[in-house]
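Participant: Letter by letter, the chains look like this.
There are 2 protein chains.
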Amino acid sequence: MKALPEALQQLIQAFSRLPGIGKKTATRLAFHVLKMDKEQAMELARAIQHVKTNIRFCSICYNITETDPCPICRDPLRDKSTICVVESSEDILLIERTNEYKGLYHVLGGALSPLDGIGPEDLRIKELLNRLTPEVKEVILALNPSTEGEATAIYLARLIKPLNIKITRLARGVPLGSSLEFVDELTLSRAIQSRDEL
Amino acid sequence: MKALPEALQQLIQAFSRLPGIGKKTATRLAFHVLKMDKEQAMELARAIQHVKTNIRFCSICYNITETDPCPICRDPLRDKSTICVVESSEDILLIERTNEYKGLYHVLGGALSPLDGIGPEDLRIKELLNRLTPEVKEVILALNPSTEGEATAIYLARLIKPLNIKITRLARGVPLGSSLEFVDELTLSRAIQSRDEL
Chain A
35 MKALPEALQQ
45 LIQAFSRLPG
55 IGKKTATRLA
65 FHVLKMDKEQ
75 AMELARAIQH
85 VKTNIRFCSI
95 CYNITETDPC
105 PICRDPLRDK
115 STICVVESSE
125 DILLIERTNE
135 YKGLYHVLGG
145 ALSPLDGIGP
155 EDLRIKELLN
165 RLTPEVKEVI
175 LALNPSTEGE
185 ATAIYLARLI
195 KPLNIKITRL
205 ARGVPLGSSL
215 EFVDELTLSR
225 AIQSRDEL
Chain L
35 MKALPEALQQ
45 LIQAFSRLPG
55 IGKKTATRLA
65 FHVLKMDKEQ
75 AMELARAIQH
85 VKTNIRFCSI
95 CYNITETDPC
105 PICRDPLRDK
115 STICVVESSE
125 DILLIERTNE
135 YKGLYHVLGG
145 ALSPLDGIGP
155 EDLRIKELLN
165 RLTPEVKEVI
175 LALNPSTEGE
185 ATAIYLARLI
195 KPLNIKITRL
205 ARGVPLGSSL
215 EFVDELTLSR
225 AIQSRDEL
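Which chain is which? The protein sequence lines are A and L, in order.
Be aware that the first sequence starts at 35, since it is given in my numbering, and climbs by one per residue.
Be aware that the second sequence starts at 35, since it is given in my numbering, and climbs by one per residue.
Hint data in this document are derived by calculation from the structure and do not stem from the laboratory.
Among the hints, erroneous ones may be present.
One copy or any two copies: either way a pair holds, since identical chains are not told apart in the list.
Said to hold, decoys possible - Under the rule of at most 25 Å between Cα atoms (straight-line distance), these lysine-lysine pairs were calculated in the DSS-like manner:
| id | residue 1 | residue 2 |
| --- | --- | --- |
| 1 | K58 | K136 |
| 2 | K69 | K58 |
| 3 | K171 | K58 |
| 4 | K72 | K57 |
Generate coordinates for the entire structure from the input sequences, incorporating the hints supplied.
Facilitator: Shown next as structure tokens:
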């Protein structure tokens, strides 16, 4: 496309590699960068470089962090008797936002998925088992409510059970603030099965 | 949010300044950058810096370019007797994709919009008039079919008319490949008014 400067084409290309961003959105973003305040655009560029240079995994829980161990593992106020197992660092963010949980985390790095060739050795399961000292009283399996997540939860539960540690998982049921109309049958049938007494 | 490293927070912040990208998408993008191949991420960062450093406006048509004059203005094969007036550089890209137009362009830099405080002096109208030498035979007003675009077209037509230059604008009608069902009444009534004879 002769109409477009090379530099802009490269930026469109680079943007369209991001998830959920097609050619059209990438073009719109690139043109926006062009019109943007120079300092703000440079800030975005630097932020990307900074993230790729400074962020690594916590050697204890495998959360992403700039310092090792991560702030959560280092925090003396967090309850060291509970470990919440999640698939990815994003999930920690979601759980932290609830302000409901004060224990530690463990990032598996995915879920078992034989079809995608992800077996137990591809996840940080050995590392989790190594953390299960007598100090740990409960392991919360906060995996995604997907087939893979469920399978991983069952697998982990079988491994941890012999250690006499309480294993829990997130409650299943109808999401708050929604209408029953929008809840799928599977969720609804689970919600009926595990109904709470008032 | 303690759970998130500073560098990542900055990246989320920077991403969410882009148009159509909210906090949630910005977070997803930032996490994707984290997982991305380092070279590709760095390429995105460099592309942003490159665009902000190397792209400027063509001193003739005000299209974005890395060289001045821009490749279109420099191209000896382009028809210099026609100037297509567009609101922004993005529009040039769209028109070039059609392969239908072989003349020159002129980027106004927006459309008249008294409510947003954009008057004739904020657009490159004087620059357009300066380009209307006797060599120019036709000015195509390819402005957006919005109130502002229409107003700008009428304003420009009034200025150019005395110069005895042919003034045209894009045809209005039903878009191709669509169904009449999805065409709004205004477009349909225009399409009826300017119906073509077969």
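Participant: Does each hint fit the structure? Answer for all of them.
Facilitator: Going through the hints against the structure:
| no. | hint | verdict |
| --- | --- | --- |
| 1 | K58 / K136 | between (43 Å within a copy, 24 Å between copies) |
| 2 | K69 / K58 | both (17 Å within a copy, 23 Å between copies) |
| 3 | K171 / K58 | neither (51 Å within a copy, 34 Å between copies) |
| 4 | K72 / K57 | both (23 Å within a copy, 22 Å between copies) |
The earlier numbered hint that this structure contradicts is number 3, and it is the only one.
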